[in-house]
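The lines below spell out each chain.
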Amino acid sequence: MTDLALPAPADAAAPAAPGLRTEERRRQRLAYLQAGPLALVFLVFLAIPLALTLMVSFWEYNEYEIIPAFTLQNYRDIFEGCLNASDLCTTARTYLSTLKLCALTWASTLLVGFTVAYFLAFHVRTRTMQTVLFLLCTIPFWTSNVIRMISWIPLLGRNGLVNDTLMGLGLIRAPIEGLLYSDFAVTLAFVHLYTVFMIVPIFNAMARIDRALIEAAYDAGASGWQTLWSVILPLTKPGIAIGSIFVITLVMGDFVTVGVMGGQQIASVGKVIQVQMSYLQFPAAAANAMVLLGAVMLIIAGLTRLIDLRREL
Amino acid sequence: MNDRPRTLAFYVLAAVFALYVLFLYGPTLTILVLSFQGPQGGLTFPLNGVSTHWFSRLWAGVGVVDIWAAFGRSLRLGLVTMVLSVVFAFFAGLAFRKGFRGSGALFALAVASLIVPSIVVSLGIGLEFRLIDDAIKAAAAATGWSFLQDHGTAMGLYTSALGAHLTWTLPFGLLIMFAVFNRFSPAYEEAARDLGASGAQTLTHVVVPILAPSLVGVALFGFTLSFDELARTSQAIGGRNTLPLELQGLTTTVTTPEIYALGTLTTAVSAAVIGVSLCAVLWLQKRRARLGLVKA
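Protein sequence lines, in the order shown, are assigned to chains A and B. Residue 313 in the UniProt record's numbering sits at position 313 of the first sequence, with consecutive numbering throughout. Residue 235 in the UniProt record's numbering sits at position 235 of the second sequence, with consecutive numbering throughout.
Note that these hints are calculated values from the structure, not bench results. Virtual Cβ for every residue (Gly too), placed ideally from N, Cα, C. Treat each hint with caution, since some may be false.
To be verified - With beta-carbon atoms standing in for the labels, derived distance ranges:
id : chain 1 : residue 1 : chain 2 : residue 2 : range
1  : A       : Arg125    : B       : Val111    : 28 to 36 Å
2  : A       : Phe79     : B       : Val16     : 40 to 48 Å
3  : A       : Met129    : B       : Leu8      : 17 to 25 Å
4  : B       : Ser146    : A       : Leu43     : 27 to 35 Å
5  : A       : Arg76     : B       : Val87     : 41 to 49 Å
6  : A       : Leu111    : B       : Val111    : 23 to 31 Å
7  : A       : Glu65     : B       : Thr255    : 35 to 43 Å
8  : B       : Thr255    : A       : Leu30     : 29 to 37 Å
9  : B       : Thr255    : A       : Arg76     : 26 to 34 Å
10 : B       : Leu291    : A       : Gln130    : 21 to 29 Å
11 : B       : Gly42     : A       : Leu169    : 20 to 28 Å
12 : B       : Val111    : A       : Ser86     : 39 to 47 Å
13 : B       : Ala14     : A       : Leu72     : 55 to 63 Å
Whole structure, please, built from the sequences with the hints as guidance.
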C-alpha cells in the first residue's frame, strides 16, 4: 500500500543479436511462469466470480433454485418505485443511509489521518522515532476488527464508562441511550478501524515532499498555515485520493460494522446483499452487488477525475 | 528546519497524536482488563473482583459453538494463506521487475481486488462454487459415474475460503514487493551471475537473504489479515465457520465477559505474531548489516 509505482524493468534494452533474442524469449517465459500463480488466483477468485455475478444478476429464481433464463426483473425490483420523487424507495433510502455514514466517516478519517500523518512527517525529527510511532498507528490494523468493535461496549453501553463518568460529573441525569447501536457508534467504529488507511498513503506522500520546498516557503515569508495550505496540501493530494478510495469502498460495502455497532437495526447496502444471500435469493443479491459495484466505481471515477492519479504517481 | 526550536504547533499536534493513540488502544485495553472480571461481574465496569473464571469457561467451550475447532481452522488457514502469499507475491514481484506483456492488466486486477467491496467478492466466489456444485451434480446424473455421486460441495476452507483470503492478502503483498524491488539494485544479481551463479543460486543465496525482512513483512500481512478476515469469508466458507465468523455470531448471543476473554485471546495471538515478525525483521536487518550485505 506504500508504493504504487510499477517497478521499471531491470534492463529494457532492445535485443540485437539472435542469441540475445532467444535469451529474451526465455526471460519472458520465466516472467510468465513467475507471475502465473498470482494471475491464476485473481482470475479464479476475482475476475470469473465477478463475471458470474453479472451473469446470474440477469437470471430468474424461485424459492428452491436459480433458473438460467434471461430477465431484467432483479434490477426492476431494486429500482421499483424509485421514479416517484415524493416518496423515496427502499433502495434510495438504503443508499442514502450508507452514503451518510460514508461521508461522516470520510470527513472524520481525513481530518484525523491528515493531522496524524502531518505530525509524523514534519514534526517528528528522527527516522527511528518516525518508524516507531508509525508502527504504533498500524499495529491495530493487524488485529481482529470484530474484537475492536465489541471493545466499545464497556465504554458506550447504557451503564458504560462514558455514561457513568458523565453522570458522576453531574452533567447528565439519565444515561444517554444512543451511544451504542446508533449511527454515532457505527461512525465511531469506522473511524477507529479505517483511519489507518488514510494515515499510510498521506504519510507516504508527505515523506516524498522535498524538504527544500518547505525551507523555500519559510524563507519567502510564508506562515506555517500558508505553507501547509499552499505547499504541503497540494503535494499530498495523491495520498489523500488513495486513502479516500480505501475508506469509501470499505464503508460502502460494509455489513459487519453496521450490523454489530448498529445493533442489526441500521440499513446498509452490504447488509441487504447479505440478507438476500442468506435467503438463497442469489440473482437478487447479484443484481444488488452489481449496482453497488457501479456506485463505488462512479465515486472512484469522480475522485480520480479530480486528481490525475496516474500522473501524480 | 530540524534545528529550529519546537513551536507551539508541535505540542498541540503531539497532544492530538497522543489522544489518537489512546483512542486506538484504549477500548482494546478495556476489554483486556474486563476479561479478568470476577465470576459475578458483568459486561461493564466496575470489576467485581479479579479472576480467570471467564477464561476457564471459555476453555470448556462456548455453548453450542465449538470455538476451539473454529480457532484451529482459522490458525491453519492463516498459515496456508501466509505461505502462499509470500511465495506468490515474491515471484510475481520478480516477474514484474523483468516486465512482461499484460503486466499492466495484472496490476490493475490486483488493485481492483483491493477496492472491489468485500461483500461483492465474497458473493461472487460463493456463486462460482455453487455453480460448480450444480455442474458436478448434473454431470453425476448424466454419466452415472460412481465417484461423482457423493459430491457434497466444492466449497471449503482450502478452496473457496482460501481463494477469498488470497484476494485480500496478495494485493498487499504485491505492493510491498513493488516498494522493495524499486529500491533493490540489480548490481547484486549481476555480480552473482558474473561469479558463475545459476538463476536459482542467485535467488537463494543473494536475492532472498537481502529481501528477507520484507518477506517477513509480507508474511505478517498474510497471516494477520487472513486470521481476522470476515467480510470476504462470509459467503465463501461453506458449512464450517472460521473464528471471526463465530465471533461475529457471538456478539449477539453472548452477554457475559466470556466474549472479552475470547477477544483477549485472539488479540494475544495477533500480538504474538506481530511481535515475532517485528523481532525477526530487526534481527534480519542487524544480521544483514553485520554481514555487510547491504549498507545499513
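Taking 39 to 47 Å as the hint, is the beta-carbon distance of valine 111 of chain B and serine 86 of chain A inside that range? holds (41 Å)
Would you say the C-beta atoms of alanine 14 of chain B and leucine 72 of chain A sit inside 55 to 63 Å of each other? Since alanine 14 of chain B and leucine 72 of chain A have Cβ atoms about 58 Å apart, the given range 55 to 63 Å holds.
Methionine 129 of chain A and leucine 8 of chain B, beta-carbon distance inside 17 to 25 Å? For leucine 8 of chain B against methionine 129 of chain A, whose Cβ atoms are near 20 Å apart, the range 17 to 25 Å holds.
Quick check: does the Cβ-Cβ distance between serine 146 of chain B and leucine 43 of chain A fall within 27 to 35 Å? holds (32 Å)
So the hint says 26 to 34 Å: do the beta-carbon atoms of threonine 255 of chain B and arginine 76 of chain A match that? Given about 43 Å between the Cβ atoms, the range is violated.
Quick check on a hinted range of 28 to 36 Å for arginine 125 of chain A and valine 111 of chain B, using CB atoms only. The hinted range 28 to 36 Å holds for arginine 125 of chain A and valine 111 of chain B, with Cβ atoms some 34 Å apart.
Confirm or reject the claim that leucine 111 of chain A and valine 111 of chain B have a C-beta distance inside 23 to 31 Å. holds (26 Å)
Okay, phenylalanine 79 of chain A versus valine 16 of chain B on CB: inside 40 to 48 Å? The hinted range 40 to 48 Å holds for phenylalanine 79 of chain A and valine 16 of chain B, with Cβ atoms some 44 Å apart.
Indicate whether the distance between the beta carbons of threonine 255 of chain B and leucine 30 of chain A respects the range 29 to 37 Å. violated (58 Å)
Take the C-beta atom of glutamate 65 of chain A and the C-beta atom of threonine 255 of chain B, compute their distance, and say whether it sits inside 35 to 43 Å. Roughly 39 Å apart at Cβ, these two residues keep to the hinted range, so it holds.
Distance restraint hint 20 to 28 Å, applied to the beta-carbon atoms of glycine 42 of chain B and leucine 169 of chain A: holds (23 Å)
At the C-beta level, are leucine 291 of chain B and glutamine 130 of chain A separated by a distance inside 21 to 29 Å? holds (26 Å)
Consistency with the previously given hints fails for numbers 8, 9, ordered from lowest to highest.
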